[in-house]
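Just so you know, the sequences run in chain order A and B. Residue 1 is where the first sequence starts when you use the working numbering, and the numbers rise one by one after that. Residue 1 is where the second sequence starts when you use the working numbering, and the numbers rise one by one after that.
Treat the hints as calculated values from the structure; they're not laboratory data. Given the structure is predicted, the values throughout are model-derived calculations rather than measurements. Every residue, glycine too, gets a C-beta built ideally from N, C-alpha and C. Careful: at least some of the hints might be erroneous.
Far from chain B, some chain A residues (derived; all Cβ distances over 10 Å) [as the list claims (entries may be wrong)]:
#, residue
1, Trp135
2, Tyr235
3, Gly247
4, Ser290
Some residues of chain A that are not near chain B, with every Cβ distance over 12 Å (derived) [as the list claims (entries may be wrong)]:
#, residue
5, Ser2
6, Glu16
7, Ala27
8, Ile67
9, Lys141
10, Gly189
11, Asp220
12, Ser268
Pairs of lysine to aspartate or glutamate residues, derived as DMTMM-like cross-links and limited to a Cα-Cα distance of at most 25 Å, are as follows [as the list claims (entries may be wrong)]:
#, chain 1, residue 1, chain 2, residue 2
13, A, Lys55, A, Asp202
14, B, Lys136, A, Asp156
15, B, Lys179, A, Asp172
16, B, Lys92, B, Glu69
17, B, Lys176, A, Asp156
18, A, Lys4, A, Asp41
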Amino acid sequence: MSFKLDVDRFRDAVTELIRKAATQLPADVTQAMETARDNEDEGSPAKSVLDYMLKNADAARENSTPICQDTGTLIFFVTIPEGVSLRKIESAITEAARLATKKSYLRPNAVDSVTGKNSGDNTGVMAPNYHYEEWDEPTIKVELMLKGGGCENVSDQYKLPDGRLKAGRDIDGVYKCIIDAINKAQGLGCAPGVAGIGIGGDRASGMVVAKKQLFRKLDDTNSDPELTKLENRLYTDLNKLGIGPMGFGGLTTVLGVKVGAAHRLPASFFVSLAYSCWADRRCAMHFTESEVSYD
Amino acid sequence: MIKINLPISEADIRKLKMGDEVSLNGIMLTGRDSAHTWLLNEKPTEARELLKGSVIYHCGPVVKKVGDEWHFVAAGPTTSIREEPYQGPVIKEYGIRGVMGKGGMGEKTLNALGEHGGVYLHAVGGAATLQAQAVKKVHGVLKLEEFGVPEAMWIIEVEDFQAVITMDSHGNSLHKEIKAASDKVANKLIGI
Numbered sequence: 001m002s003f004k005l006d007v008d009r010f011r012d013a014v015t016e017l018i019r020k021a022a023t024q025l026p027a028d029v030t031q032a033m034e035t036a037r038d039n040e041d042e043g044s045p046a047k048s049v050l051d052y053m054l055k056n057a058d059a060a061r062e063n064s065t066p067i068c069q070d071t072g073t074l075i076f077f078v079t080i081p082e083g084v085s086l087r088k089i090e091s092a093i094t095e096a097a098r099l100a101t102k103k104s105y106l107r108p109n110a111v112d113s114v115t116g117k118n119s120g121d122n123t124g125v126m127a128p129n130y131h132y133e134e135w136d137e138p139t140i141k142v143e144l145m146l147k148g149g150g151c152e153n154v155s156d157q158y159k160l161p162d163g164r165l166k167a168g169r170d171i172d173g174v175y176k177c178i179i180d181a182i183n184k185a186q187g188l189g190c191a192p193g194v195a196g197i198g199i200g201g202d203r204a205s206g207m208v209v210a211k212k213q214l215f216r217k218l219d220d221t222n223s224d225p226e227l228t229k230l231e232n233r234l235y236t237d238l239n240k241l242g243i244g245p246m247g248f249g250g251l252t253t254v255l256g257v258k259v260g261a262a263h264r265l266p267a268s269f270f271v272s273l274a275y276s277c278w279a280d281r282r283c284a285m286h287f288t289e290s291e292v293s294y295d
Numbered sequence: 001m002i003k004i005n006l007p008i009s010e011a012d013i014r015k016l017k018m019g020d021e022v023s024l025n026g027i028m029l030t031g032r033d034s035a036h037t038w039l040l041n042e043k044p045t046e047a048r049e050l051l052k053g054s055v056i057y058h059c060g061p062v063v064k065k066v067g068d069e070w071h072f073v074a075a076g077p078t079t080s081i082r083e084e085p086y087q088g089p090v091i092k093e094y095g096i097r098g099v100m101g102k103g104g105m106g107e108k109t110l111n112a113l114g115e116h117g118g119v120y121l122h123a124v125g126g127a128a129t130l131q132a133q134a135v136k137k138v139h140g141v142l143k144l145e146e147f148g149v150p151e152a153m154w155i156i157e158v159e160d161f162q163a164v165i166t167m168d169s170h171g172n173s174l175h176k177e178i179k180a181a182s183d184k185v186a187n188k189l190i191g192i
């Protein structure tokens, strides 16, 4: 039986998804930030900065205003039941982005790269940005990430082997690239952030794998034991760098490290880092013919 | 927390040290890329009195207009290093005592802060709602039509706007220190 899509209801549900993503820090991120704050030394700038970030997150939730004025790129990962029209989904999401901008949940963030003109409503060529998958559930799942510019600017991609880092084409080489990238970023990506890492793929698909990792809850466990080991090693060692919240120094440089992998060409070995700022704004929506829920 | 009332004197700004946590009160201006080139190339008179002894804040806010009055909705810092080529001359030309943004700045600005007497104030990135709440009143705006909302110079009155001094007038930069220390750790972990 095919899924009946009520386009208006879907558009309104996505508008609410955008509002939630822009104004509500996810529970697992809040939890990690609180743990980090309690862990930092008494009287340190790191502790007071984390405290200020948490107070801001509270105020944003309460007032329904953006956590950060850079409401980022809208990146949608949509999973649909068989037979749902992608054109209808896209047009409803585009409309939702316009509405959310009008309601000041979003800053107008889509600039024409040739003319320099801001479209004013967050829509344009590849804006919003979509990825699609299909599944057997009678539900449309929409995962949304608001990816800010500061943290996108410090995201990076390496090609192994890397002579400077003495990094070979193996997991240890991946480790070296990520230590280097986070060290280069310092506080510029609004640390403490989350490192989403994609091993392999091509230059585009590797970065998609990296971005997808950012949807994982911070307290989940990787299904691949080899990658779990890498995540734990990187998490421990990145926090030894001493960069700390906003780069002021401290014990917390990253809140989480999530790694995924894709098959690669024999000739290529890319390591992609999608870095998210502490304001790790993501939200998922489950939309059925009769109900909608957010997570 | 050290309370600062704007405008501030050279003697008082030189008392501030890297690592101090401060609370800003009084009138300051926002300004980013377009504003800095305007200030340098055209030397406008309307910004001169306002900037003297005050702070320039690297910020592109989300604003809303209620009746005739502007309000700040979200107003966190943007990355400061883009203004590195202009910041030193702007500090000296206008007698600015504080530059506020995020990420810190380079040697040229650090030298200008030392010569003229000024500090770099680091505001917390991504804390835009709280920072907008510290903006009590918008007194006006310069170059709104020409530069657009994010790039215009907003004249704002703040109360208890919190920041950390990460570069002072004595040649200290927290950014340089943290980077030097983390480079050592990173090289050891990487094995180079």
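Status of the hints after comparison with the structure:
1. Here Trp135 (chain A) stays apart from chain B, with its beta-carbon at least about 33 Å from theirs, past the 10 Å limit.
2. The non-interface label for Tyr235 (chain A) is consistent with chain B: the shortest C-beta to C-beta separation is roughly 13 Å, beyond 10 Å.
3. The claim that Gly247 (chain A) lies off the interface is violated: its Cβ sits roughly 6 Å from the closest Cβ of chain B, which falls inside the 10 Å cut-off.
4. No beta-carbon of chain B is positioned within 10 Å of the beta-carbon of Ser290 (chain A); the least distance is around 35 Å.
5. Every Cβ of chain B is farther than 12 Å from the Cβ of Ser2 (chain A); the closest lies at roughly 41 Å, confirming the non-interface assignment.
6. Non-interface call for Glu16 (chain A) relative to chain B: holds, since the shortest CB-CB distance, roughly 19 Å, exceeds 12 Å.
7. Even its closest Cβ contact with chain B, about 17 Å, leaves Ala27 (chain A) beyond 12 Å, as expected for a residue assigned away from the interface.
8. For Ile67 (chain A), the condition that its CB be more than 12 Å from all CB atoms of chain B is violated, with the nearest at approximately 6 Å.
9. For Lys141 (chain A), the condition that its CB be more than 12 Å from all CB atoms of chain B holds, with the nearest at approximately 27 Å.
10. The beta carbon of Gly189 (chain A) sits about 9 Å from the closest Cβ of chain B, which is not more than 12 Å, so the claim that it is off the interface is violated.
11. No beta-carbon of chain B is positioned within 12 Å of the beta-carbon of Asp220 (chain A); the least distance is around 23 Å.
12. With a closest Cβ-Cβ approach of about 22 Å to chain B, Ser268 (chain A) is found to remain outside the 12 Å limit, as its non-interface label requires.
13. Our distance criterion of 25 Å between C-alpha atoms is broken by Lys55 (chain A) and Asp202 (chain A), whose separation comes to about 40 Å.
14. A hinted pair counts as satisfied when its Cα atoms are at most 25 Å apart, and Lys136 (chain B) with Asp156 (chain A) does not qualify at roughly 39 Å.
15. For the hint linking Lys179 (chain B) to Asp172 (chain A), the alpha-carbon distance of about 24 Å falls within 25 Å, and the restraint holds.
16. Annotation: proposed proximity of Lys92 (chain B) to Glu69 (chain B) is violated, straight-line Cα distance about 32 Å (limit 25 Å).
17. At roughly 22 Å between alpha-carbon atoms, Lys176 (chain B) and Asp156 (chain A) fall within 25 Å of each other, so this suggested pair holds.
18. For a cut-off of 25 Å, the pair hint linking Lys4 (chain A) to Asp41 (chain A) is broken: about 55 Å separates their Cα positions.
In summary, the numbered hints that this structure violates are 3, 8, 10, 13, 14, 16 and 18.
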